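S.K.: Protein chains in written order, with my numbering: chain E, 4 to 251; chain V, 4 to 251; chain H, 4 to 251; chain Y, 4 to 251; chain F, 4 to 251; chain L, 4 to 251.
Worth double-checking, as some hints may not be accurate.
Identical chains blur together in the list; that is why a pair holds if it fits in one copy or across any two.
Restricting the straight-line Cα-Cα distance to at most 30 Å, the calculated cross-link-like pairs of lysine-lysine (BS3-like) are [as the list claims (entries may be wrong)]:
id	residue 1	residue 2
1	Lys-90	Lys-230
2	Lys-110	Lys-133
3	Lys-163	Lys-110
4	Lys-163	Lys-230
5	Lys-106	Lys-163
6	Lys-230	Lys-133
7	Lys-110	Lys-230
8	Lys-226	Lys-110
9	Lys-163	Lys-226
10	Lys-226	Lys-133
11	Lys-230	Lys-106
No lab work stands behind these hints: they were computed from the structure.
Here the structure is a predicted model, which means the values were calculated and not measured.
6 protein chains.
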Amino acid sequence: MKNDGVNSGVQGLDELIEGGFPRGFCYAVVGGPGSGKTVFGAQFLYNGATMYGEKGVYVTLEEPPYSIVNNMMRFGWNLYELENREKIAILDASPIREPSRSKYVIKAGLGTEEFSVDGLLGTIIEAKRKLDAKRCVVDSLTALSLQYRDEFEARQQILKLIRTLTEMRLTTLLLAEASEERTDAQRFGAVDFLAQGVIYLHTYRIRDSVVRALEVRKMRGVKTVSKLCPYNFTEDGIVVYPQETVFK
Amino acid sequence: MKNDGVNSGVQGLDELIEGGFPRGFCYAVVGGPGSGKTVFGAQFLYNGATMYGEKGVYVTLEEPPYSIVNNMMRFGWNLYELENREKIAILDASPIREPSRSKYVIKAGLGTEEFSVDGLLGTIIEAKRKLDAKRCVVDSLTALSLQYRDEFEARQQILKLIRTLTEMRLTTLLLAEASEERTDAQRFGAVDFLAQGVIYLHTYRIRDSVVRALEVRKMRGVKTVSKLCPYNFTEDGIVVYPQETVFK
Amino acid sequence: MKNDGVNSGVQGLDELIEGGFPRGFCYAVVGGPGSGKTVFGAQFLYNGATMYGEKGVYVTLEEPPYSIVNNMMRFGWNLYELENREKIAILDASPIREPSRSKYVIKAGLGTEEFSVDGLLGTIIEAKRKLDAKRCVVDSLTALSLQYRDEFEARQQILKLIRTLTEMRLTTLLLAEASEERTDAQRFGAVDFLAQGVIYLHTYRIRDSVVRALEVRKMRGVKTVSKLCPYNFTEDGIVVYPQETVFK
Amino acid sequence: MKNDGVNSGVQGLDELIEGGFPRGFCYAVVGGPGSGKTVFGAQFLYNGATMYGEKGVYVTLEEPPYSIVNNMMRFGWNLYELENREKIAILDASPIREPSRSKYVIKAGLGTEEFSVDGLLGTIIEAKRKLDAKRCVVDSLTALSLQYRDEFEARQQILKLIRTLTEMRLTTLLLAEASEERTDAQRFGAVDFLAQGVIYLHTYRIRDSVVRALEVRKMRGVKTVSKLCPYNFTEDGIVVYPQETVFK
Amino acid sequence: MKNDGVNSGVQGLDELIEGGFPRGFCYAVVGGPGSGKTVFGAQFLYNGATMYGEKGVYVTLEEPPYSIVNNMMRFGWNLYELENREKIAILDASPIREPSRSKYVIKAGLGTEEFSVDGLLGTIIEAKRKLDAKRCVVDSLTALSLQYRDEFEARQQILKLIRTLTEMRLTTLLLAEASEERTDAQRFGAVDFLAQGVIYLHTYRIRDSVVRALEVRKMRGVKTVSKLCPYNFTEDGIVVYPQETVFK
Amino acid sequence: MKNDGVNSGVQGLDELIEGGFPRGFCYAVVGGPGSGKTVFGAQFLYNGATMYGEKGVYVTLEEPPYSIVNNMMRFGWNLYELENREKIAILDASPIREPSRSKYVIKAGLGTEEFSVDGLLGTIIEAKRKLDAKRCVVDSLTALSLQYRDEFEARQQILKLIRTLTEMRLTTLLLAEASEERTDAQRFGAVDFLAQGVIYLHTYRIRDSVVRALEVRKMRGVKTVSKLCPYNFTEDGIVVYPQETVFK
């Protein structure tokens, strides 16, 4: 492991990317519904804060914070407690907003006319400075892009987001939804190559059951292992099995 | 069953989702024509009211109420009687409207210029308050989206609907039609991830006959069983068979 | 046969739908070129009038009446004679119009600027009242939709048509053309779920020959048989074979 | 052969359609490049005039007349001689026009701003009257549709053409080009059902060679044989082999 | 060989088209990148001038002349020398233009606002007259179409080009690029049937290697051989093998 | 090796293209995410400068220079050192810009309104002159095209870029991203034939692992080897294996 990268906190993943994500860039995590993108993002922040001493910012543009927090309890991750201890900040830009318990308030949620990427970035900058955060998760680019009427506009805003997050040297996971047939893939064309790396969470239906596989599709500056690795949801969150195969 | 969720009322389904739907969110039920979406929705409300003591609101944007009520009689579900006993309310926003027997009148049905999601929500709020309803069914998002000339506008209105229903803490099923080839899937892209869960009702044509299978594609905060489960229409409505397989 | 529905007049079909079409709704009959949609519609009206004592209205938006009438002679159905006896009315809204022998005159045919669904509905209402008709056939929605420049406009007009026909309690067949690849399917997306039922007339090319199969895809309020049933053109019109299979 | 229809002049075809085309309607002949649509059309007129005593009008919107005439010489069909004897008229609306030898002059060819379907129809009417023509060929609808900027406009003009030709009681072949993948099929959606019949000229590539097959897809008022019939170019033009099979 | 057509100059091709291209028309040569369209065009002119005594005009809308000339040197074809001897003219309308050595100067190259098909045709007419040219190559229609913002405009200009070249009685090859999946095919829909013939240069990937095959898809007035014929690049340019097969 | 072309610096590639790229033209290098396009480009410049004495200009429109430089360190290529010794220039037009260490400053990066291809070309010209550069890499056309709202505009700008680089006689690699399904291929239609050559970097997923293969799809003026050649990332960068096969 020659890389002094940012540990993913996902068991089995770091050895596929020479020890961790190169520090300070944005990485896309792309998967279909139910593929575990939010779990992946929360695990990155939770383990970052508790195992690697790196604080983080979770930006939600989809689910309200209490929903994410509740859902992560099943892995024993108490994100609210972590937030109280100022290890993480959860920024709520979800369309379904509630009176925030966070110190960091985004003025307008997704789906309102007042929402802007500039406003969102302002709050991220504020939270990053106060916490001295090193990690960030944006959940999700798909939600963000639906705010804009045409593809060009969405792309420009995503570009601005990536640019600013990279300038802030935050190691960021950009969660993005793609159907199995990748119908929506076009919308994120820009992400695929503006991101420093792309991780796919595949879902294969083999007969009656579903098989999940993680693929590191691109990781700049890192010698990656080019294979499909099965992954699963365990009590400790997502675990990747780099030695196993998907198709016998 | 550690989950204290909302029982689906569909035999065989709850065990796939740790005992029931997490309370207070919206869930998409997606299927082709003839897949039984309306049966699924009516069963959720009927059994909710009669077996679990939870009142419900059925919002129809497609069929007129008498058609739904008649059709459900074959399962022995008398929805009008339930409405008379104030266990449920059937809100008629269908294009083919008739003098309503309901106390809760939506001012304009789908397909008229006066129709609006705001108007629809106003009546849902009123009915929810008076009944103290816990459950809701919207039949269907597909019909709603046809009211709008472009995809962006439809998406914004669906977002508003989901946001308000979630704020009302109604456990809601959003019925949505998708062709087998999912041609219309794009239109509901937003639903796929704004909903807290997605259930697919698949229809496979194997030789001359048709096989039906339910798949829990996503269910936030719940450890789901990732397999295709055959389902069928019985005298008691839809029954799911979690132990059986679709393809031998 | 517990259903007191409207007999289809197509041998072999009623047993697939619990005895007949539930009365007073619209049903889509979808098939490719040469699949026999017009035969299906004429058979529904002819047998309705001669066998079941129910009068009917045939609305043609494609072929001129004399062409339909001539073509049906090969099954021994004399539609002009039936019209003279006031058992049926043939309303001519076809682009190729001739001096009408009908009492019920639609002011402008398809393809002219004066044509409107409102005008069409006015004549249907008039004919329905004078005849006391119970059945209706609209041949075809595909032709109707070509009158409109965009999909949204076409959909609104089709919705208006279905709404009014349902309010008139006419049991109506809406004929619709769909290529085998269903290229035009989108245009009728609204029909698929606004109609109370959908019947597909499939055409499979197996080696050098063509095999025809009827599928009841959806029939609200009725327990349908979910299989592909071969059908054929006989001297008595279309016959469906529910006991036979398409693929060995 | 109970049908007293219009003999196609194509050996082997009439027996597939009960003896000939029902008189006075338009029929689409659809095929890819090189499938022999022009040969089919010329054969229909040549044999019509020489074998069945029916005069005809050939409208070319693609090739200049001398090119068509020269190409048909290989089958021994001298169309110019036939025109001199006033058995047929060749109307030149091709983009590449030359001083016409025909008495019937279309004012403007395809691709000029002056071209109009009305102008075209005017000349057809004139030629039909003077010759007392019974048959017509329009070569091709594909060319005609390229004159219009959008699909709706093209469709309206094609509708007008079909309407007027039917009113004139001309038995007409409408040649239309469709790629094997039918990419352009949409453009002719209207033709598929406005035409009284549709004949496909298929081209299958089996290993290194090409196999041709004719299919009568639709023929209103006629009991058609639903199979793929191989066809070939012989010294006498196209010959169809109804007893043979395409795929062994 | 009954045809007194224009020899293609491509060994093995003439016998597929009854001895040569019918004189005075336009023929499309369609193939993917690397299929040898430019070689085909240059070979047609070079051999035309040196073997058959027919002068020619090469119109380049893609590569600058020096690039084409250099590339053809590997087949021993010195096009500059031929131009000096006034056997051919190379007209430069490429986007990357250089001070022309040709007497025939096109005022503006592709990609400038001043470029027009009229201007291009003016220079072709001038060169044709001075040389008394019989042959022409347009390289390529694909490049030409990119000059126009929409498909309709491109099509009108291509139509004008074909019309004028045919009026000039030049036997012309129109080179056109089509991806293997024919994504761009639509754009040349007009070419497919306005051209008197269409030759496809196929590229099949069989395992690790690439197999090339020529197919005469259409050739009006000529009895063509309907099979895929392997072709290759030899020291003398393209050679077609009509007796061999592509797929064993 | 009769070609005195520009050595690619990629082991195994030159023998596929008669010794190197013909001098002074643009070549497209097309591949999916993670296919190694940036490595290919950097290797071309690094080896060009250190092994073949040819200076080069690297234009980045995606990653900031420090990211590229860091990533190439794993191959032992110190691009900053090379830049200090004035062997190469790295021009930063990336959206995420930093205070440049380069002498050659592009006024505005991609994604700003001030960005223009003219501005970019101005700086390339300046760097080329000062260094006497022979080689150039543009990373990437995909990023560039996202700057423009419609395809036509993007194409015109790419055309201008290719034209100017060719006029400067720079041997240039144009990196372009194409998904495996080539969804974005259309956008680069112009590149495919304006470029003098096209190299594809394929990624095949065979069971659980990924196989990479280089294909020289087109190379004008060069006799290319038409096969898929496996390639890999080694300590010395990309190595192509012309003697090996991809599919057994």
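S.K.: Are the hints correct? Go through all of them and say.
M.R.: Results for each hint:
In this assembly of identical chains, Lys-90 and Lys-230 lie within 30 Å of each other by CA distance neither inside one copy nor across copies; the values are 34 Å within and 37 Å between. For a Cα distance limit of 30 Å, the shortest separation of Lys-110 from Lys-133 inside one copy, 18 Å, qualifies, whereas the shortest one across copies, 33 Å, does not. For the identical chains of this complex, Lys-163 and Lys-110 are neighbours both inside a copy (19 Å) and across copies (18 Å), given an alpha-carbon limit of 30 Å. When the C-alpha separation of Lys-163 and Lys-230 is checked against a cutoff of 30 Å, the pair qualifies neither within a copy, at 32 Å, nor between copies, at 40 Å.
Proximity of Lys-106 and Lys-163 under a CA criterion of 30 Å is satisfied in both settings, with 24 Å inside one chain copy and 26 Å between copies. For the identical chains of this complex, Lys-230 and Lys-133 are neighbours neither inside a copy (40 Å) nor across copies (45 Å), given an alpha-carbon limit of 30 Å. Proximity of Lys-110 and Lys-230 under a CA criterion of 30 Å is satisfied in neither setting, with 43 Å inside one chain copy and 41 Å between copies. Neither within a single protomer nor between protomers do Lys-226 and Lys-110 lie at most 30 Å apart by alpha-carbon distance, with minima of 41 Å and 34 Å respectively.
Only within a single protomer do Lys-163 and Lys-226 lie at most 30 Å apart by alpha-carbon distance; the minimum there is 28 Å, versus 36 Å between protomers. For the identical chains of this complex, Lys-226 and Lys-133 are neighbours neither inside a copy (35 Å) nor across copies (35 Å), given an alpha-carbon limit of 30 Å. In the homo-oligomer, the alpha carbons of Lys-230 and Lys-106 never lie at most 30 Å apart, since the shortest distance is 42 Å inside one protomer and 42 Å across protomers.
Against the hints set out earlier in the document, violations occur for numbers 1, 4, 6, 7, 8, 10 and 11.
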